[in-house]
Amino acid sequence: MGMTHSEKILAAASGRQEVSAGEFVVADIDLALLHDIFAAQVFDLLQEVGVDGVFDPDKTVVVIDHLVPAPSAAAAAVHQKIRSHVARLGINAFYDAGEGICHQLLPEQGHVRPGMLIVGTDSHTTTHGALGAGGTGIGTSDMVYALATGRLWFRVPETIRFELTGDLQPGVSWKDVILYLGGRFGSDAAQYRAMEFGGPAVRTADMSSRLTVANMAVEMGAKFGLFAADEVTDAYLTEHGGTGAAAFGPDPDAQYVAVHEISLSELPPQVALPNEVDRVGSIEDVEGLAINQAFIGSCTNGRIEDLQAAAEVLSGKHIAPGVRLLVVPASRQILQEALKTGVLATLVDAGASVLTPGCGPCFGGHGGLLGPGERCIGTHNRNFIGRMGSADAEIYLGSPATVAASALRGRLTDPRQLEADND
Amino acid sequence: MTNDVLTGRVWRFDHDISTDLLSPGAYAVDPVEVRKQHVLESVNPEFVSAVSPGDVLVVGRNFGCGSSRETAAENLKALGIACVVAESLARIFMRNAIALGLPVVVCPGVHDSFAEGDTIEIDLASGRIVNVDSGVQLQGDSLPREMREILAAGGILAVLKEQAGG
Ligand code: SF4
Chain A
1 MGMTHSEKIL
11 AAASGRQEVS
21 AGEFVVADID
31 LALLHDIFAA
41 QVFDLLQEVG
51 VDGVFDPDKT
61 VVVIDHLVPA
71 PSAAAAAVHQ
81 KIRSHVARLG
91 INAFYDAGEG
101 ICHQLLPEQG
111 HVRPGMLIVG
121 TDSHTTTHGA
131 LGAGGTGIGT
141 SDMVYALATG
151 RLWFRVPETI
161 RFELTGDLQP
171 GVSWKDVILY
181 LGGRFGSDAA
191 QYRAMEFGGP
201 AVRTADMSSR
211 LTVANMAVEM
221 GAKFGLFAAD
231 EVTDAYLTEH
241 GGTGAAAFGP
251 DPDAQYVAVH
261 EISLSELPPQ
271 VALPNEVDRV
281 GSIEDVEGLA
291 INQAFIGSCT
301 NGRIEDLQAA
311 AEVLSGKHIA
321 PGVRLLVVPA
331 SRQILQEALK
341 TGVLATLVDA
351 GASVLTPGCG
361 PCFGGHGGLL
371 GPGERCIGTH
381 NRNFIGRMGS
391 ADAEIYLGSP
401 ATVAASALRG
411 RLTDPRQLEA
421 DND
Chain B
424 MTNDVLTGRV
434 WRFDHDISTD
444 LLSPGAYAVD
454 PVEVRKQHVL
464 ESVNPEFVSA
474 VSPGDVLVVG
484 RNFGCGSSRE
494 TAAENLKALG
504 IACVVAESLA
514 RIFMRNAIAL
524 GLPVVVCPGV
534 HDSFAEGDTI
544 EIDLASGRIV
554 NVDSGVQLQG
564 DSLPREMREI
574 LAAGGILAVL
584 KEQAGG
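Chains as they are written, first to last, in the numbering used here: chain A, 1 to 423; chain B, 424 to 589.
Some hints could be false.
To be verified - Below, in silico cross-link-like pairs of lysine-lysine (BS3-like), each with a Cα-Cα straight-line distance of 30 Å or less:
#1 A:Lys340 <-> B:Lys584
#2 A:Lys340 <-> A:Lys317
#3 A:Lys81 <-> B:Lys584
These aren't lab readings, by the way, just hints derived from the structure by calculation.
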């Protein structure tokens, strides 16, 4: 019988010819990812249980990205602790404050290969499914066990497959696609399950778009959000890791719990409405609501393509009075590219504040929080109550073009409207 | 090996109980002795003072949804909850519960088959659930041996200590 993408990953990781959905396996971990919110606690626990090393320092990646630059003395002390653990354990793949967000650095710095099994102390570890890797979030105790032994138990998930067809309209992006899927199927549609994204529309999606979609697969409950490795993956890996990759994906006769065929041709720009990621509507339904802040960044949409999309909207113009536009490149490399290509100048000339590469205000830690009654639209992935500061603030989620268009007008705006005005 | 069959008194909760309700953010950095005093307080303020060790939670869909915080499962364990039987569980909550040695069973139909205060019997190995008061029997997902071993050891860190010979 044919295997799904996740069955192939878990079969290989557990040294089996074949596994099928519902089975439990003990699998070898190819990569373990920790960030500054949980790393110190995990390393402390590891010491407490009497383990002096990690299973493989070269398969362990540690990133200081959530609270950068340190917004408090307490955060700075946690960062110090992480640095000393990293040195003690001989971990080379350590990215200190300012290098970028963990889910951007992993693919960009060549740590991810198709077929790998990746665990992280972060729910958005599903992002790495964009390159055909099985990435998933775990808690701190599981991470201590994984670091000590290099292994962890998994239930082989059932898979929901999305066959995507048609071409996106101008002004519509893959962020709109994943917001739409979340709204249509709901936040627990893929609980315990994997999602596979395939079909003709996916073949034309660039890596940046795939990362956006896989990142938000977890907002539907998914364990993995997977794209087959193809020519796009091969080209990305040649550029970002030095070696390309062979095709890797599900067998044609794999078994799915559901297959949804969806045409993207008619899709308008989407927004998630406060306070649920699966409360989604078309931008037309909410156009005109005044905003106080616009945020372009995060592991969902902080890549160069996203900054470019925003710069195209804002080029030669200035954001509306009374609006704050925060731009947070997802990594230093992206910041450098934005500098060299003039994208950064365009954004700053338009009135943007540029913050240190990292998570920025995405999870409400620091760096641009909202006051009571304020309204923000951002390119990130969660709009829960209080996620960006005050519990009385409203958060909308949209694409970089929608966020930039909204900053320009000072109210929620359909980016296609601006194009129409320019004609 | 501990006994795979548990019997306990039922506390019933509805769908979509989040990690925020199980471990309110306001007490996030407090020790477990403080955190456990606030479990589910906004849903049932009596719960914490009336719950006894060995009691069982019977809950609806998507229990433990939200963040990856392990304190959600840790707080229930600290209150002495013997098992959570759910229509469905959020994935990371399920992982964290097993990792901390808190038994969980997924059993469709369970939410409507129990009233608060009923006595429940749970066979972790087979997944069989019995309402001792009404006689209703249900078949839940059995917990595989690997997970029952982690539970019997008292959690995944205890397994690690055993393996390390400590
Ligand atoms: S950018 Fe936001 S979602 Fe991504 S890792 Fe950071 S806090 Fe989490």
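Hints versus structure:
no.	hint	verdict
1	A:Lys340 <-> B:Lys584	violated, 52 Å
2	A:Lys340 <-> A:Lys317	holds, 20 Å
3	A:Lys81 <-> B:Lys584	holds, 24 Å
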